[in-house]
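Enquirer: Taken in order, these protein sequences are the chains called A, B, C and D. full-length UniProt numbering numbers the first residue of the first sequence as 1 and each following residue consecutively. full-length UniProt numbering numbers the first residue of the second sequence as 1 and each following residue consecutively. full-length UniProt numbering numbers the first residue of the third sequence as 1 and each following residue consecutively. full-length UniProt numbering numbers the first residue of the fourth sequence as 1 and each following residue consecutively.
One thing to keep in mind: the hints can contain errors.
Identical chains blur together in the list; that is why a pair holds if it fits in one copy or across any two.
[Stated by the list, open to error] Straight-line Cα separation of at most 20 Å, EDC-like style, residue types lysine to aspartate or glutamate; simulated pairs:
1. K279 - D146
2. K279 - D248
3. K96 - E112
4. K157 - E182
5. K27 - D12
6. K86 - D163
7. K27 - E50
8. K148 - E160
9. K148 - D125
10. K157 - E97
11. K279 - D12
12. K86 - D116
No lab work stands behind these hints, which were simulated from the structure alone.
4 protein chains.
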Amino acid sequence: MSLCRLVVTCPDRVGIVARVSSFIAEKGGSITEANQHSDLETGRFFMRYEVEARDIGIDSDAFRQAFATIAEEFDMQWQWRDGAQKRRRLMIMVSKESHCLVDLLYRWSAGELDCDIAGVISNHDDLRSVVEWHGIDYHHIPVLSDNKATAFADIEKAIEENDADTIVLARYMQIIPPSLCERYSGQIINIHHSFLPSFAGARPYHQAHTRGVKLIGATCHYVTRELDAGPIIEQDIQRVTHCHTTSDLVRLGRDIEKSVLARGVRWHLQDRVLIDGNKTVVFS
Amino acid sequence: MSLCRLVVTCPDRVGIVARVSSFIAEKGGSITEANQHSDLETGRFFMRYEVEARDIGIDSDAFRQAFATIAEEFDMQWQWRDGAQKRRRLMIMVSKESHCLVDLLYRWSAGELDCDIAGVISNHDDLRSVVEWHGIDYHHIPVLSDNKATAFADIEKAIEENDADTIVLARYMQIIPPSLCERYSGQIINIHHSFLPSFAGARPYHQAHTRGVKLIGATCHYVTRELDAGPIIEQDIQRVTHCHTTSDLVRLGRDIEKSVLARGVRWHLQDRVLIDGNKTVVFS
Amino acid sequence: MSLCRLVVTCPDRVGIVARVSSFIAEKGGSITEANQHSDLETGRFFMRYEVEARDIGIDSDAFRQAFATIAEEFDMQWQWRDGAQKRRRLMIMVSKESHCLVDLLYRWSAGELDCDIAGVISNHDDLRSVVEWHGIDYHHIPVLSDNKATAFADIEKAIEENDADTIVLARYMQIIPPSLCERYSGQIINIHHSFLPSFAGARPYHQAHTRGVKLIGATCHYVTRELDAGPIIEQDIQRVTHCHTTSDLVRLGRDIEKSVLARGVRWHLQDRVLIDGNKTVVFS
Amino acid sequence: MSLCRLVVTCPDRVGIVARVSSFIAEKGGSITEANQHSDLETGRFFMRYEVEARDIGIDSDAFRQAFATIAEEFDMQWQWRDGAQKRRRLMIMVSKESHCLVDLLYRWSAGELDCDIAGVISNHDDLRSVVEWHGIDYHHIPVLSDNKATAFADIEKAIEENDADTIVLARYMQIIPPSLCERYSGQIINIHHSFLPSFAGARPYHQAHTRGVKLIGATCHYVTRELDAGPIIEQDIQRVTHCHTTSDLVRLGRDIEKSVLARGVRWHLQDRVLIDGNKTVVFS
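Build out the structure end to end from the sequences listed, making use of the hints.
Expert: Next comes the structure, spelled out in structure tokens:
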């Protein structure tokens, strides 16, 4: 093993850190980055270790088997991710707006996102050429008012067949059906083009312009059954003035959307985002 | 006359700037700062000039009389504020939280706010000593569930008798009655401790903590009959994380509230905030 | 004529605005955006008007001829840019880092930059494919220690032959010779990857890491003979911590560089940046 | 014992976390907040634990004695701070500018700063009244060109006699002599009114205005023998434009200075700032 990652969530109690860090030290691992958090309201404990594991004499399967005893004792949800094993596979879903897609593809090709791209799904054919130029498969699956069930069955199949484990809605303007939300719970990341909970739903920049806010924002969150209401991963804002028209807001907002989504996706891929009820713990 | 200020709102049409700037030039005035804005949706035009008026041979009353012809022609709402004349008089209203009050008093004593302080009104007696230390009158007017009408009559009287023309709600936790909102329309400035329209109403930091937002904010706005829904003057935010408890949000929020309110009040006193329906034009 | 733009710099004195705005009104133009600034230290006056000119009965040449009398009287440097005439032509120069180039090309193709791309010049051949995919000519002109004079002669020729009027150094890691700086004075825009004047020169992120700063930045400026010392157009920063390695700073810095350069170029193309000695007036 | 704090710096090696966290668990302590950092360049390890210690059966002296064995084994610099023991004592030093002083006193009285105020030292008598109103001793010790040695001897005596362990230079415009810098190494906090390393030395806002920067900043750092070159604790910035005069920069800068200094002092008092050569590790 080389660089590995241990992520743990469990009920908080005395001795977790001692027990886990001792276990890793005994096996020969060296903790190079450590984060932990106790949620005093829910009594949950969250932990993430980056471990230099080259001196651990056993392989990841054996390590996991040995760790399972501790995990059971503390009632942990946990994963041990081995850097040498399979990378995460991202399915990106888009409509017609290209800015988030192009930004993600650029960051991916520049090595900022530690994943493979399993493909791009769109309800329109507009963005095919830039996707294929990157050597990535483009799936055009139109979603119409009278074919939603079929279309989302095709989408689910495309996700499955391409072995994707993370789905990024990079300005995908369709509502994801509840069954898909639940099957990929905690694995679907959306960018909403407002500072949630303000301006949920449609046309948030128009809403923002009408209200006369002095800052616009974007929100990256996990998708749940309730629209625009899932756990927030990251948000950011941009100052605007009375001079800005709605189309200025749209233009300025694109930059926030890109950077907020990119940070959210990067942190998710690095297992830095732990879900805590309807909130997130982000070890950034 | 020395430094003066001309503020104009009117229906937009060709020739306003030419006419007004020519008038000022003819009279001998020199424009040292100029701002203007056309709202394409409402068709309204907004303008603010700072004028070095020492070479204008007539006094402000004569100037106003001469300007009235242009104003009528263009259907203007306007004011000519003479720097040598009476300063604005601020009535500050507070409950028990002192941070915005103390910040405003400090900025006022440091010369950052071009106004007189007409007094401080509070429904509690807690903040008397710091106010009186600044040589300012403190009016303790308790607002109880069974005396609201009387209390607000006393408040209105205190505003009148102290000749206040601007009212700043510096974390005043009572709802202002509609009659007062209307009498002092565009003259009552509130600080709300959230990034409106998110978390209007009570306990916004608790709401923010429950929703798990990654940024908290504050909003300075004019008070209208509808709670927390008046024209927004200024907003700002502060980044927070899963580590922050609600009381951390309250503490961090104090700094945003102070600076957002101070900027809003300063701009209002400098006639930089022009109301445009339920929005503002801010020539900052 | 349709949308036009008037930009003026001259010694400050009473009556400029009156004279110019009256002239435009007489000709039938409507000012849709106006900005002006008086530099009290240098006594210079700066002005920029956006003019809706469809009701001006004469063409741009006739307009310029008529305006020349005013310009002479007030000793103005000025230009009247007619939106229907030729767009500015951008020559982008790069080395091996692609982020600023790709960002500019994306914004250009999305319509955010009002210009034509005259071509891309690089001392390396690495970025040819992405440039040519956009249908833009790529000029590979290697600059070596022993061919600098020849190489820059070729570069100058490429700029000339492609009729470029604005040169953007989008992480071009060579020093521009003084003769080129002077020939294209006020037309060469550079992005420097630090918050100038901190960390001028080579390897600014390494310098920043060594000094232990808590914010890193980027600076967009006009190029002059003195390295990294020309008039600053725009700057921005990003928070960093002790956790960030130099390569983290490089990664995070890319996002600041992209957005700072894009804003600077956009404002330059809109004639919003006026040079005032070694500073800029930016009517953003 | 109730809430305690363990801060450790030592050469990095495998097993530190395991050893320390096991020790705390064995004694009955519960870690409520944990931070750690490995500096890969210097090979140093940094750690800070907040410990709920009410179930630790021994007192702090006994705890320290028991921990000393581990500390020696790992060659640690360390401290165990017992929340029930003596608070830190702050000596604030000022000249004539009051904003940082007033801000610190307000935050202290609002409970944001966990310390006692040992007194205020100034080379001028101007700020006596606001200090004494808070019930704090004011030491007027003029520093003149011909009495520096005597004056700083008096200052050192005032620090000693008032049992101060932390010195905050809240816009104290005198240079601290090297002997004092060394005696209180890592205990003297300064606010410099620029974004260091830009504009070190005198009149930074004038320097910033002359250079035409688009952002101004402030820097909180530990004082060392070399002027404005000590380890940086915190920095922040504020956007400015060509409209701002030097005195506007001074006014806007006051707000950054206040908040940057307050954060730096707060983190220092919470033992969140660990010195790492000429840099800092800040567990904020």
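Enquirer: List in ascending order the numbers of the hints, as given earlier, that are violated by the structure.
Expert: 1 and 10
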